[in-house]
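With these hints in hand, go ahead and build the complete structure from the sequences.
Those protein sequence lines, which keep their order, are chains U and R.
Residue numbering for the first sequence follows numbering that gives the first Met the number 0, starting at 0 and increasing by one per position.
Residue numbering for the second sequence follows numbering that gives the first Met the number 0, starting at 0 and increasing by one per position.
It should be emphasised that the hints constitute simulated quantities derived from the structure, not laboratory data.
Zero decoy hints are in this set.
Reference listing, derived: stretches of chain R covered by chain U, where coverage requires no fewer than 3 residues with Cβ under 8 Å from a Cβ of chain U:
| no. | segment |
| --- | --- |
| 1 | 141–148 |
| 2 | 201–214 |
| 3 | 351–360 |
Every beta carbon over 10 Å from chain U, so not counted as near; a handful from chain R, in silico:
| no. | residue |
| --- | --- |
| 4 | A134 |
| 5 | H230 |
| 6 | K307 |
| 7 | E370 |
| 8 | G372 |
None of the values given here were measured: they were computed from a predicted structure.
Just so you know, even glycine gets a beta-carbon here, dropped at the ideal spot from N, CA and C.
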Amino acid sequence: MFESLTDRFDTVFTRLRGRGRLTEADVDEALREIRLALLQADVNLKVVRDFVARVRDALVGIDLSTSLTPGQQVVKVVHDELRQILGGETLKVTYASRPPTVILLAGLQGAGKTTTAGKLAAWFKKREGRNPLLVGADLQRPAAVEQLKVLGAQAGVPVFSEQSDPVTVAKKGLAEAIRLGRDVLIVDTAGRLSIDAELMDEVRRVSETVEPHYTFLVIDAMTGQDAVATAEAFHRTLELDGVILTKIDGDARGGAALSVKEVVGRPIVFASTGEKQDEFELFHPDRMADRILGMGDVLTLIEKAEAHVDAAGAEEAMARMQEGRFSLEDFLDQMQQVKKMGSLSGLVGMMPGLPKELRNAEIDDNALGPIEAIIRSMTPQERRDPSIINGSRRLRIAKGSGTTTTDVNALLDRFKQMQVYMRQMAGMSGLGGRVARSAVRRNNKKAAKKSKKRGR
Amino acid sequence: MLTLIIVLIVVAVVLLSTATFLVTGRRRGRRLEAPPGRPPAPPVTRPTQPPRPTEAGPRAPPQPEIAEPAVAEPAVTEPAVAEPEVAEPEAAELEVLEGEPEVLERPRFRDRLGKARNLFSGYLTSVRGREKIDATTWDELEEALILADVGVDATAKMLDDLRSRVRKEGLTTPDALVDALKGDMVSLLEGDRELHLQSGVTNVWLFVGVNGVGKTTTIGKLGQRARRDGHSVVMAAGDTFRAAAADQLAMWAERVDAEVVRGNEGGDPGAVIFDAVQHAAAKKADLVLADTAGRLHTKVNLMEELKKVRRVAGREPGHVSEVLLVIDATTGQNGLVQAKQFADAVEVTGVVLTKLDGTAKGGIALAIASELGIPIKLVGLGEGAEDLVDFDAVEFVDALIDAD
Ligand SMILES: Nc1nc2c(ncn2[C@@H]2O[C@H](COP(=O)(O)OP(=O)(O)OP(=O)(O)O)[C@@H](O)[C@H]2O)c(=O)[nH]1
Ligand SMILES: [Mg+2]
Numbered sequence: 000m001f002e003s004l005t006d007r008f009d010t011v012f013t014r015l016r017g018r019g020r021l022t023e024a025d026v027d028e029a030l031r032e033i034r035l036a037l038l039q040a041d042v043n044l045k046v047v048r049d050f051v052a053r054v055r056d057a058l059v060g061i062d063l064s065t066s067l068t069p070g071q072q073v074v075k076v077v078h079d080e081l082r083q084i085l086g087g088e089t090l091k092v093t094y095a096s097r098p099p100t101v102i103l104l105a106g107l108q109g110a111g112k113t114t115t116a117g118k119l120a121a122w123f124k125k126r127e128g129r130n131p132l133l134v135g136a137d138l139q140r141p142a143a144v145e146q147l148k149v150l151g152a153q154a155g156v157p158v159f160s161e162q163s164d165p166v167t168v169a170k171k172g173l174a175e176a177i178r179l180g181r182d183v184l185i186v187d188t189a190g191r192l193s194i195d196a197e198l199m200d201e202v203r204r205v206s207e208t209v210e211p212h213y214t215f216l217v218i219d220a221m222t223g224q225d226a227v228a229t230a231e232a233f234h235r236t237l238e239l240d241g242v243i244l245t246k247i248d249g250d251a252r253g254g255a256a257l258s259v260k261e262v263v264g265r266p267i268v269f270a271s272t273g274e275k276q277d278e279f280e281l282f283h284p285d286r287m288a289d290r291i292l293g294m295g296d297v298l299t300l301i302e303k304a305e306a307h308v309d310a311a312g313a314e315e316a317m318a319r320m321q322e323g324r325f326s327l328e329d330f331l332d333q334m335q336q337v338k339k340m341g342s343l344s345g346l347v348g349m350m351p352g353l354p355k356e357l358r359n360a361e362i363d364d365n366a367l368g369p370i371e372a373i374i375r376s377m378t379p380q381e382r383r384d385p386s387i388i389n390g391s392r393r394l395r396i397a398k399g400s401g402t403t404t405t406d407v408n409a410l411l412d413r414f415k416q417m418q419v420y421m422r423q424m425a426g427m428s429g430l431g432g433r434v435a436r437s438a439v440r441r442n443n444k445k446a447a448k449k450s451k452k453r454g455r
Numbered sequence: 000m001l002t003l004i005i006v007l008i009v010v011a012v013v014l015l016s017t018a019t020f021l022v023t024g025r026r027r028g029r030r031l032e033a034p035p036g037r038p039p040a041p042p043v044t045r046p047t048q049p050p051r052p053t054e055a056g057p058r059a060p061p062q063p064e065i066a067e068p069a070v071a072e073p074a075v076t077e078p079a080v081a082e083p084e085v086a087e088p089e090a091a092e093l094e095v096l097e098g099e100p101e102v103l104e105r106p107r108f109r110d111r112l113g114k115a116r117n118l119f120s121g122y123l124t125s126v127r128g129r130e131k132i133d134a135t136t137w138d139e140l141e142e143a144l145i146l147a148d149v150g151v152d153a154t155a156k157m158l159d160d161l162r163s164r165v166r167k168e169g170l171t172t173p174d175a176l177v178d179a180l181k182g183d184m185v186s187l188l189e190g191d192r193e194l195h196l197q198s199g200v201t202n203v204w205l206f207v208g209v210n211g212v213g214k215t216t217t218i219g220k221l222g223q224r225a226r227r228d229g230h231s232v233v234m235a236a237g238d239t240f241r242a243a244a245a246d247q248l249a250m251w252a253e254r255v256d257a258e259v260v261r262g263n264e265g266g267d268p269g270a271v272i273f274d275a276v277q278h279a280a281a282k283k284a285d286l287v288l289a290d291t292a293g294r295l296h297t298k299v300n301l302m303e304e305l306k307k308v309r310r311v312a313g314r315e316p317g318h319v320s321e322v323l324l325v326i327d328a329t330t331g332q333n334g335l336v337q338a339k340q341f342a343d344a345v346e347v348t349g350v351v352l353t354k355l356d357g358t359a360k361g362g363i364a365l366a367i368a369s370e371l372g373i374p375i376k377l378v379g380l381g382e383g384a385e386d387l388v389d390f391d392a393v394e395f396v397d398a399l400i401d402a403d
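Take a look at the structure:
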């Protein structure tokens with residue numbers, strides 16, 4: 000989502016770092032570009048203005064002319080400010096001592112509340128081992144309750160609703176949760192405009208009735224300048240605890256997320272990454288800040304790797320890379336591991352130090368099918384030593400995999416080129432690959448902190 | 000762990016670079032199979048075959064039957080859930096709406112926008128009040144446009160044009176400046192706003208867009224209008240993916256007294272729309288309003304699916320006379336990207352700008368109209384059946400930058 004912002008900052012930062020000396024004009028130029036980048040990413044104009052002013056203020060205190068690394072200092076100031084806007088702790092749900100823990104979802108029409116309600120229910124059930132009850136208090140949109148029921152069934156979570164009015168439904172839903180001993184209550188409400196006084200009053204009454212422990216505003220990642228007005232209005236009415244950002248699997252630049260965080264001071268707690276029920280994750284504001292700043296998100300990557308990847312296999316693969324013996328056979332194995340970790344474009348976004356073109360490549364995971372098919376159509380011997388693949392073998396492989404010989408060639412070429420890169424990467428610990436190394440260092444620190452927390 | 004990550008990165012890099020190549024190769028028309036659509040992937044229907052028995056399709060008129068949602072009831076125990084009762088509240092509304100159609104006035108921009116208006120007032124009102132045009136004037140214009148989601152680039156371009164106009168025409172007062180800007184914007188918005196209906200064919204208006212923008216609702220509203228204008232309308236529940244999407248459309252159909260043709264959840268959307276066209280033709284209905292599932296323009300498969308839907312909808316006797324891209328007024332700069340991608344995929348003929356009754360200004364539609372030449376045809380101003388109006392450039396621009 001934030002890729003283009005990452006790219007823009009990347010350019011500005013690289014230029015700044017490259018300067019031995021910075022004039023005021025250089026700084027102005029950089030700030031102008033940052034302003035532009037943020038505006039194009041849909042960050043609210045007023046938020047951008049404040050942001051730039053703060054950076055400028057912070058820079059006043061630094062005598063750039065005497066600094067040895069002025070560019071680096073500007074970069075640091077921008078980093079700090081951005082982290083300030085974006086950062087924050089990851090949500091850790093505190094469950095009510097007297098269940099159920101009540102969660103209220105609100106937002107504009109079409110933001111994705113109902114889908115999110117279903118996803119939250121699945122999340123509480125599968126990830127947290129809870130027993131949620133969904134309440135359909137959207138009696139406005141045709142078939143909203145039907146939709147919720149289908150989603151509830153998918154998640155294996157019961158749904159309560161009736162044709163009365165939202166406040167009554169919420170009230171009875173709460174009673175129902177208590178009666179059935181459900182420990183989490185998720186209330187879906189109708190979409191409403193922040194200027195619709197009557198409906199805003201209605202949602203306030205719903206809130207007063209169920210006294211939610213968490214009130215989340217659901218916001219579409221594609222939202223423009225209006226995100227601020229909306230978030231402020233909902234916050235005034237409901238006192239939000241956090242924001243759920245939906246549809247981040249598109250190519251929106253997600254500036255709304257920054258704006259909302261800044262104006263209501265509440266973090267993004269979950270992000271919805273697709274239409275399927277499990278495409279929904281806790282949001283880690285700090286990690287996202289790092290991603291925007293072009294530092295990858297190694298922490299999440301490592302978590303995923305730990306959960307899905309066979310470590311011993313990877314060690315062996317690594318050893319073979321170093322020796323230049325990494326074969327297509329190994330590649331196929333590792334590819335299976337990568338696939339287990341989720342969508343490729345998702346993973347790539349977390350990797351530090353990748354070239355821009357690759358980072359931004361829009362690759363559908365289905366596009367990996369042909370690659371796998373090609374390798375599978377090779378004999379083990381061919382996989383170990385592709386140099387024996389001649390014209391007739393090539394034709395056989397293409398036929399067997401339903402591709403063309405050009406495709407087969409493409410794969411073989413890439414793989415060959417990559418062997419050089421592999422040796423470089425594999426030798427990195429010795430040679431000092433800048434990005435990944437520092438990323439890993441940072442990350443070890445965090446990981447250490449984390450394992451302490453875990454050991455609690 | 001370092002090992003893991005490195006191996007991962009290497010593998011990812013090889014995969015990416017190869018996949019990029021293969022994908023581009025395929026687009027160039029190579030014969031790699033297109034990746035399958037959303038599961039469960041329906042078998043490709045061959046609309047050239049005679050129409051299938053319409054088991055899943057239209058109900059016997061006059062009442063489209065919606066008592067039986069196509070959706071299985073949740074298997075889980077449903078504590079005290081009253082069956083969702085579809086007809087009741089709508090029926091009431093329906094009576095009101097259909098009581099005396101002529102008396103009803105369609106809402107106008109102005110009436111509806113009133114609420115949001117004052118949020119903006121002061122912006123250009125204060126600009127207009129000034130004596131001379133100076134740097135602040137320009138800043139404020141820029142601000143107004145950006146806050147309305149027109150976008151940095153489109154704004155810069157408009158203001159550049161305005162600057163040369165100021166020089167050429169010797170404009171001196173901010174008042175004249177704002178008027179000139181509004182004039183420029185109105186002319187950027189020019190285009191063919193007609194909703195086309197061809198006689199002698201079964202017209203299909205296809206509704207496309209990202210998730211949640213208001214496609215289904217717009218179909219309901221347009222159905223209402225078309226019914227009143229004396230058309231027989233068939234609605235095609237081409238969203239076979241989202242839970243209860245067909246139920247939602249069926250409820251609209253009942254509300255506005257149109258027929259609905261629906262398929263199975265997870266089925267082939269092209270087949271549903273094809274069936275709807277066949278049914279409309281048999282019934283001599285001249286208009287099929289075809290819903291589609293919301294999809295992000297970045298999903299290659301789903302955009303391919305949409306192309307296929309469009310092709311199928313145009314098979315005899317169907318004729319796709321409008322492809323309407325629905326854009327939510329709250330959308331920011333991504334709206335332009337959406338419009339580009341949808342236009343490339345299915346030749347969009349017009350934009351429906353929804354949710355203009357809120358605080359968002361919908362400025363991205365200006366960028367879409369001016370950069371891509373896609374006219375805005377309709378505007379959504381609420382959730383009711385009557386809350387749809389023809390686009391009016393002057394009123395839109397007024398609401399966008401002025402507070403009058
Ligand atoms: N205020 C307002 N709400 C609208 C307008 N148009 C649609 N809506 C609401 O927006 C929400 C989403 O509308 P839908 O018609 O379901 O959108 P869709 O594009 O069909 O959504 P998907 O099929 O899920 O992709 C519903 O709650 C509608 O009532 C409008 O012009 N103004
Ligand atoms: Mg829909």
